[in-house]
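Peer 1: Single-letter residue listing:
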Amino acid sequence: MRFFLLFITFFSQIYLFGQNNDSIPVLEYEVNYNLGKALVKKGYVFNYKKNTYYHTSKTVFLEDIEKLSIDEVTGIPNVNVFSAGDGSDFNISYKQKNEHITKHSIGYELIKTTEVLQTFIWKPTGIKKIVNGRQCVELTSYFRGRTYLALVDLSVPIDFGPWKFNSFPGLPVLIYDTENKLKWTLTNVSKESDQKIKKFILELKDYSKSLKEMTLKDFIDLYDKTNNGYDMATSKMPRDYQREKSFKKRKRGGLELKFEWEAKD
Amino acid sequence: MKKLFLLPMLCLLFLVMSSFSSTEVLDEDFSTCWVTLTYTNMNTGESHTETYYSNSRTSGADCAAGAQALANGDFMNSSDFRRSPVLAPAF
Chain A
247 MRFFLLFITF FSQIYLFGQN NDSIPVLEYE VNYNLGKALV KKGYVFNYKK
297 NTYYHTSKTV FLEDIEKLSI DEVTGIPNVN VFSAGDGSDF NISYKQKNEH
347 ITKHSIGYEL IKTTEVLQTF IWKPTGIKKI VNGRQCVELT SYFRGRTYLA
397 LVDLSVPIDF GPWKFNSFPG LPVLIYDTEN KLKWTLTNVS KESDQKIKKF
447 ILELKDYSKS LKEMTLKDFI DLYDKTNNGY DMATSKMPRD YQREKSFKKR
497 KRGGLELKFE WEAKD
Chain B
499 MKKLFLLPML CLLFLVMSSF SSTEVLDEDF STCWVTLTYT NMNTGESHTE
549 TYYSNSRTSG ADCAAGAQAL ANGDFMNSSD FRRSPVLAPA F
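Residue numbers (my numbering), protein chains in the order written: chain A, 247 to 511; chain B, 499 to 589.
All the pointers check out, no bait thrown in.
Heads up, simulated EDC-like pairs for lysine to aspartate or glutamate below, C-alpha to C-alpha not over 20 Å straight-line:
#	chain 1	residue 1	chain 2	residue 2
1	A	K313	A	D332
2	A	K471	B	E548
3	A	K313	B	E548
4	A	K497	B	E548
5	A	K482	B	E548
6	A	K358	A	E502
7	A	K497	A	E425
Quick list of simulated restraints, FRET-style, between CB atoms:
#	chain 1	residue 1	chain 2	residue 2	range
8	A	A284	B	N570	21 to 29 Å
9	B	T556	A	R498	35 to 43 Å
10	B	A559	A	G499	30 to 38 Å
No wet-lab data here; the hints were simulated from the structure. All of these numbers come straight from a predicted model, not from anything done at the bench. We put the beta carbon where it would ideally sit given N, CA and C, even for glycine.
Model the full assembly from the supplied sequences, consistent with the hints where possible.
Peer 2: Here's what the structure looks like:
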C-alpha cells in the first residue's frame, strides 16, 4: 500500500511538472493612472524565452467625457479631443539584446520606441505588509523622476513586473509611486499554454511592425516640441480660431519625467 | 426701343438684388467667441487645455454652432488604427 502511494505521488509530481513546463504564468494587474484624467485598464505580463511581454487593454476613463460640454461657471464651450488609439499599449523587454520597446500614443500617431533596457535597483524599506492575503516586503526604487514603492511576495520566484519594472526578488503584488499618480495592483495569476503565448507574440510582433519607429530620445524631443502631441492634434484647427497666448511653460506630466541623458538639476 | 429694353433689364436687376437677403441677425452686444480645447492622451490620461477665440463669429448662436462644428468636425488628422492584440485571460 505504501509502495502504491509512493508510486502515485511520484507520477503525479512528474505529471504536474510536465503541466508547469507547458504553461506560462501570466500576471494580471489593475492599472490606475491619475496624470490628468483618471483612468483604469488591465495589464498582462509574462516571461517567454528570457523576454518580458507586457500589454494592456484599452483605457477606461473614470469620468464621462463628453465631446462637447459647457463650462458651468464661464459658459464657454469645451471640446474634448484625444490622441490616437484606444489607450492599449505594450512593452517588450529583450534581455539578450538589452533593448526595450514601448508603444506610445501622441497626437494622431501611434509610435513604437526603442531604448536601452534599464535595470531597476530595489532597496528594502524594512516594512512588511499583508496585501491581498500575501505576506509582502516593501521595496523602493527611483526611476526617471519618480520614486516607486513595491510590495513583493518573496515566496514566489518571479523577477519581472508590469510596464518597465524588472529585477524584483519575488512577485510584485502592488507597485505605486510616492505621489499616488500611478498604481499597478496584482489581481490574478493565471497560466496560459505555450501555443497561446506563441500565437499572441506573433500577433504582437505583426502589429508592432505597423507602427512608426523611433528612439525614445527622439520621441521625448517630439513630446516636448509638440506639448505631448497637443500641437499635432490641433494642427488642423480652423483658421478663424486663434489660440490665446499662454505664458506658462508646460512641464512633462507622463510616467517618465527625467531621463538619464538629460543634465541633472 | 431703348426704353423697352431697359425696363425689363431694370426689373431683372431688381429681382437679382432682392434675392441677396440675409437671414443672419447680428448681435450687437456680441464681441468675441471663446472656446476651450482639451486634449487627452489616450495611453496615459495626461490632459491639457488651451483657450481659443474667434472674432469672425457674429452671434452667440453662431459661436455655439462653431463649437459644435469643432466637436463634430474632422480637424484632427486621424485615420483608422489597427487595435493592439490583447491576450484574453484564461477564465
